[in-house]
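Protein chains: 2
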Amino acid sequence: MRKARNALYAQSGGVTAVINASACGVIETARKFKSKIGKVYAGRNGIIGVLTEDLIDTTKESATAIRALRYTPAGAFGSARYKLKGLEESKAQYERLIEVFKAHDIGYFFYNGGGDSADTCLKVSQLSGTMGYPIVAVHVPKTVDNDLPITDNCPGFGSVAKYTAVSIREAGLDVASMSKTSTKVFVLEAMGRHAGWIAAAAGLACEKPGDAPHIILFPEIPFDEDKFLAKVDATVRQYGYCAIVASEGVKNTDGKFLAEAGTRDAFGHAQLGGVAPVIAQLVKSKLGYKYHWAVPDYLQRAARHLASKVDVEQAYALGRTAVELAVKGEGAVMPTIVRTSSKPYRWKIGVAKLKDVANVEKKMPRDFITDDGFGITPKCRTYLAPLIQGEDYPPYKNGLPQYAQLKNAAVKKKLSTEFKV
Amino acid sequence: MRKARNALYAQSGGVTAVINASACGVIETARKFKSKIGKVYAGRNGIIGVLTEDLIDTTKESATAIRALRYTPAGAFGSARYKLKGLEESKAQYERLIEVFKAHDIGYFFYNGGGDSADTCLKVSQLSGTMGYPIVAVHVPKTVDNDLPITDNCPGFGSVAKYTAVSIREAGLDVASMSKTSTKVFVLEAMGRHAGWIAAAAGLACEKPGDAPHIILFPEIPFDEDKFLAKVDATVRQYGYCAIVASEGVKNTDGKFLAEAGTRDAFGHAQLGGVAPVIAQLVKSKLGYKYHWAVPDYLQRAARHLASKVDVEQAYALGRTAVELAVKGEGAVMPTIVRTSSKPYRWKIGVAKLKDVANVEKKMPRDFITDDGFGITPKCRTYLAPLIQGEDYPPYKNGLPQYAQLKNAAVKKKLSTEFKV
Chain A
50 MRKARNALYA QSGGVTAVIN ASACGVIETA RKFKSKIGKV YAGRNGIIGV
100 LTEDLIDTTK ESATAIRALR YTPAGAFGSA RYKLKGLEES KAQYERLIEV
150 FKAHDIGYFF YNGGGDSADT CLKVSQLSGT MGYPIVAVHV PKTVDNDLPI
200 TDNCPGFGSV AKYTAVSIRE AGLDVASMSK TSTKVFVLEA MGRHAGWIAA
250 AAGLACEKPG DAPHIILFPE IPFDEDKFLA KVDATVRQYG YCAIVASEGV
300 KNTDGKFLAE AGTRDAFGHA QLGGVAPVIA QLVKSKLGYK YHWAVPDYLQ
350 RAARHLASKV DVEQAYALGR TAVELAVKGE GAVMPTIVRT SSKPYRWKIG
400 VAKLKDVANV EKKMPRDFIT DDGFGITPKC RTYLAPLIQG EDYPPYKNGL
450 PQYAQLKNAA VKKKLSTEFK V
Chain B
50 MRKARNALYA QSGGVTAVIN ASACGVIETA RKFKSKIGKV YAGRNGIIGV
100 LTEDLIDTTK ESATAIRALR YTPAGAFGSA RYKLKGLEES KAQYERLIEV
150 FKAHDIGYFF YNGGGDSADT CLKVSQLSGT MGYPIVAVHV PKTVDNDLPI
200 TDNCPGFGSV AKYTAVSIRE AGLDVASMSK TSTKVFVLEA MGRHAGWIAA
250 AAGLACEKPG DAPHIILFPE IPFDEDKFLA KVDATVRQYG YCAIVASEGV
300 KNTDGKFLAE AGTRDAFGHA QLGGVAPVIA QLVKSKLGYK YHWAVPDYLQ
350 RAARHLASKV DVEQAYALGR TAVELAVKGE GAVMPTIVRT SSKPYRWKIG
400 VAKLKDVANV EKKMPRDFIT DDGFGITPKC RTYLAPLIQG EDYPPYKNGL
450 PQYAQLKNAA VKKKLSTEFK V
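Just so you know, the protein sequences line up as chains A and B, in that order. Heads up: the first sequence at position 43 corresponds to 92 in the numbering used here, and the numbers run straight through without jumps. Heads up: the second sequence at position 219 corresponds to 268 in the numbering used here, and the numbers run straight through without jumps.
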């Protein structure tokens, strides 16, 4: 019988509150298949670590430490924004991958990322044919952007969705209580440069007329200043205050990001990464209302303390399934979430071919947004509501969540060659 | 026997995650003293509601609804930023208060706020002497700023402290995992215009060298650009990234707020309420590091989902004690937190005279900040650590915290006169 081959796991792109739960699923499951999988290595800082032969030996981590990944946000092995292009364009990179794979007897590759990494994962799986190196490559989906096709939703999204909905509910109560004499308009910025999924999720906090948020601004809907200001004014007049959630990717009618169109720094440079202050300032200058704004930025996607239980469970299940598929020799695939029922919510794991996943972006359907462009429809609510269900608190010590602290011991290098990334 | 007189409760100033826990303590306790206290009314939007005779009848709320205040953030009856001045300057206001008190047989006044409202509460208690109206006025302390004297700490602070420490721990892990190819410097802005208490609390997240936050910027320490940039650069070189927490009140060496010195909007106005982007931009322009920044604003003080259990318990206990003092006829006082031990943490309730509280601001001691001005000392840690202890989660439904929804029914007006505020 052929000896068990090693596995390589790498995280890619922006991290999430639950990407480590997928890592936990991969590593815990691989440890159960000792006859097929030898050691699980991880790329330090994702694919960068693979290319530079900077691998982490996860066998040095205790079962307790690996278990702790389930409730630890961000990327425990480091992630990278580093896109491999086509096999021709990035030939040197792919050849280097094979070189590293061979040196460490890697038979399984698990790539945990979004759309770009699904494409890379597909290309790696094709290496077995084009470059004569046998490897089973499975993609584990992850993205707060929720923009991967086929899968009903993406791990990481449910938790940032929950964070955003809870935050606007809480901040909305705050503004409501102060509005008589102080702040009347509050703008919360949500991640989402191209799609309004996260901003849409804030809409779940509105359960009856008058609840925050009163207005959601989507990248999908060109920003109509007059209509927006009229709605803000009407909301303040009716409820005494107005709570707004704005996608960072909101664009003017001429297609420019509002965040770039507004403020300039002292040197005259466009002030990037803050659509909330631009909108708040607009309200102030046109309507005169006192404002506050918030930009939670990384806090939203790292907020493991407020993770969705459904999200954690799905992230883990996808990691586990990736290994189960791999040991059956099923490569060039991505396990997916299949929704079988919305009320009550039921889901199971499916499998998609990577060639159907790579380079396809799932947009938010127009019928998820209300006709006036400022809210979510019941259809959208039905889709989103299950994804934020349940709480899954990390353990606390001294008042703070105790997240995994890995050794991240390096695997001894076997290659004499270096690779410049 | 004299018939029980009514009580009036009002919230004042910026709200917190636990001010309603104090309200809960006041109302639940008052309901136990039926022979002494008739109805508990609340000022709608704080003192504004009292002046305009817009009172809320809390007897219309069920025991369950009042109990829910214990885990509901913000001000359930509305708060106000409205400062009464001296008895001479604001004579019309004080006379109006008496008029409303008389009309509704108010014998007890509970004012839940910070330093300014302690002063107002003191003046109200003096009314019995100067204006011949008998009333017992007790101040219930509340402020995220933690700047009231005598009391060891202020309700509201522990929860925002916990939020800030947890947030920088989570975001720090995020940045660490991305730093190889992406963001290297992250700036989290914390509330605190005059004192660095909240930013200091972020330091609790740093439990060993290299943990976030690496740098804290305090309003107490003039911002030294060169020293700061050198520290950022050294941190990035050593750990690969740098996580910074900046008080909104950080000032230049010439005493100007950094937040005002930096960016200008498209109209040339100073862009207020964002020191984090100013600092991030400075790092980028001088050191070239990719940055992200976050301004949680109201999210931090409204984050009941992450409240400190100690904070909730103290907020409730202070509300309860205020009533116990009042029924004994002890007015012109404020119940306080007395720390009897730090390790293990033990506290009890004390009583301060309002004349010793009003208009005194508690500053952060210089020996709570490290010599280099960028961190907290062990002494500071010993003080802060107990205040974020324990979790006290609200109940969730459909993935969202279920906060109190009061009827806030109006008390029938008895006065024919109107009062313009």
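Please note that the accuracy of each hint is not assured.
Intra- or inter-copy, both count: the list cannot distinguish identical chains.
DSSO-like mimics (lysine-lysine), calculated; alpha carbons at most 30 Å apart, straight line [stated by the list, open to error]:
{"no.": "1", "residue 1": "Lys-134", "residue 2": "Lys-52"}
{"no.": "2", "residue 1": "Lys-134", "residue 2": "Lys-339"}
{"no.": "3", "residue 1": "Lys-333", "residue 2": "Lys-305"}
{"no.": "4", "residue 1": "Lys-456", "residue 2": "Lys-280"}
{"no.": "5", "residue 1": "Lys-402", "residue 2": "Lys-446"}
{"no.": "6", "residue 1": "Lys-462", "residue 2": "Lys-428"}
{"no.": "7", "residue 1": "Lys-140", "residue 2": "Lys-83"}
{"no.": "8", "residue 1": "Lys-358", "residue 2": "Lys-446"}
{"no.": "9", "residue 1": "Lys-428", "residue 2": "Lys-463"}
{"no.": "10", "residue 1": "Lys-339", "residue 2": "Lys-109"}
{"no.": "11", "residue 1": "Lys-81", "residue 2": "Lys-469"}
{"no.": "12", "residue 1": "Lys-377", "residue 2": "Lys-81"}
If you're looking for bench data, these hints aren't it; they were derived computationally from the structure.
Consistency of the hints with the structure:
1. Lys-134 x Lys-52: neither (33 Å within a copy, 84 Å between copies)
2. Lys-134 x Lys-339: between (48 Å within a copy, 24 Å between copies)
3. Lys-333 x Lys-305: This pair counts as both: shortest intra-copy Cα distance 21 Å, inter-copy 23 Å.
4. Lys-456 x Lys-280: between (53 Å within a copy, 26 Å between copies)
5. Lys-402 x Lys-446: Neither: 43 Å inside a copy, 37 Å across copies.
6. Lys-462 x Lys-428: neither (53 Å within a copy, 45 Å between copies)
7. Lys-140 x Lys-83: Neither, since 33 Å and 83 Å both go past 30 Å.
8. Lys-358 x Lys-446: Answer is both; intra-copy 21 Å and inter-copy 13 Å each pass.
9. Lys-428 x Lys-463: Cα proximity of Lys-428 and Lys-463: none, with 55 Å in one copy and 49 Å across.
10. Lys-339 x Lys-109: neither (55 Å within a copy, 33 Å between copies)
11. Lys-81 x Lys-469: Close neither inside one copy (36 Å) nor across copies (74 Å); limit 30 Å.
12. Lys-377 x Lys-81: within (14 Å within a copy, 68 Å between copies)
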